[in-house]
Amino acid sequence: MNAVIAAVGVMLILSLSRVHVVIALIVGALVGGLTGGLGIDATLKAFNSGLGGGATVALSYALLGAFAVAIAKSGLAHALADKALAMVDRQHASGGGSVKWLLIGLLWVVAIASQNILPIHIAFIPLLVPPLLYVLTKLQLDRRLIACVMTFGLITPYMVFPVGFGNIFLNQILLANVSKAGVDISQVNVMHAMAIPAAGMVFGLLMAVFFSYRKKRVYDLEKIEQVEQVSVAYNPMTIGIAGLAIAAAFIIQLLLDSMIIGALAGFLIFSASGIVKWRETDGLFTEGMKMMAMIGFIMIAASGFAEVLKATGEVRTLVESAAAQIDHSKAIGALLMLLVGLMVTIGIGSSFSTVPILAAIFVPLCVQLGFSPMAIVCIVGTAGALGDTGSPASDSTLGPTSGLNIDGQHHHIWDTVVPTFLHYNLPLLAAGWMAAMVL
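Per the UniProt record's numbering, the very first residue in the sequence shown carries number 1; after that it's consecutive.
Any given hint might turn out to be false.
What the hints assert, rightly or not - Label-pair restraints from in silico Cβ distances:
#  : residue 1 : residue 2 : range
1  : Met191    : Leu339    : 20 to 28 Å
2  : Ala360    : Ile40     : 25 to 33 Å
3  : Ala272    : Gln226    : 29 to 37 Å
4  : Ala195    : Gly105    : 21 to 29 Å
5  : Gly370    : His411    : 41 to 49 Å
6  : Gln140    : Val367    : 48 to 56 Å
7  : Pro236    : His192    : 40 to 48 Å
8  : Gly243    : Gly408    : 49 to 57 Å
9  : Ser321    : Gly408    : 39 to 47 Å
10 : Arg214    : Ala42     : 34 to 42 Å
11 : Asp41     : Phe210    : 52 to 60 Å
12 : Gln368    : Lys216    : 51 to 59 Å
Unchecked claim - Cut-off 30 Å, straight-line C-alpha distance, at most; resulting in silico cross-link-like pairs (DSSO-like, lysine-lysine):
#  : residue 1 : residue 2
13 : Lys45     : Lys310
14 : Lys310    : Lys330
15 : Lys100    : Lys180
16 : Lys216    : Lys330
17 : Lys138    : Lys45
18 : Lys138    : Lys100
Keep in mind that the hints were calculated from the coordinates and are not lab data.
The structure displayed is predicted, hence computed values, not measured ones.
From the three backbone atoms N, C-alpha and C, an ideal C-beta is built for every residue, glycine too.
Make the full structure from the sequences, and use the hints.
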């Protein structure tokens, strides 16, 4: 059995069996390494060497967690939640319908902005979602719907808009690697190439919003009250300082390209203003790190998992064995490449990390099959993005879970991973294949 198939298969089976994702990643990596002939020592060495690749991300999330606690202490997010709750109370007779769509729209817009306009990725989730969770629960909104809305905003913008994280994914990773593999991309409009796959994501979002999760779902309000304060003191000064701290964190992050320094700067503004007392900083850092630590640990484990897959050398073997079955059929070739991309990305958990691996093999194969440069970019880009929306180790699924599960009523696999996989990976697979055929 191919090591990649074994590793990804074991990881997914354990995750779906409610085994913790970190344990599933470690066991999957061991199975993949041993199946790939590395031996236990080489497998552990590869896993350990890969752990450092997730350390920066983990530290960033830990500092963002502390920053999020400071913002919560200022009352900014709670001010928004209080206004939303007041609107719910006023519209109690009508079920709060307009508030429901306002909150869904707010989370959708903020998630999209986190990729392109103010590229902070999942950092907004611990700031905004926990204070709104009480309102969402009172409205009986299905959290699986909220997970789908946020994951759409975390994935689709970078797939199609070359700004912020989109600039990194589309220009610095996708086009650069396709060009490196020998294809002239000078006439390729990357937004045009990825437009049809992005339309597949839109279709999945509409299905989740208006069909799959439109019904109400009841959660326990008392559990939320135990972990999330519903009433926090705030005033115009604390709200203003929170706005200044957030702006400073955004600007510094953009200027220095460092999420760590940006979050630290924002936290220091809170400390200097007196909203966060110096004697409280240790406690706030600890509280924030606990809130985001699980994501950090999973990202670190995922980095080690990916390193084992690379060390086996069987990512190439998997792709080449699939290519051997293609013959000269464009339709079959495109479908198999997208399926391989789905499997590899689910295992690695990052489309950004998957594209360089796939481009080296897929591009020559696409050229041999006669695909246009536009179609080649589409196939590689879609193959990389596939799985990111449905991987247990992806920060695009871990992020929504971190905000929605603060009271233990939202399961990462069954309430985030499975819904996003069904609503986004399947339409994305179909749309990517269609785009490859027509571009």
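> Checking against the hints above, which ones are violated?
Replying inline: 8, 10, 15, 16 and 17
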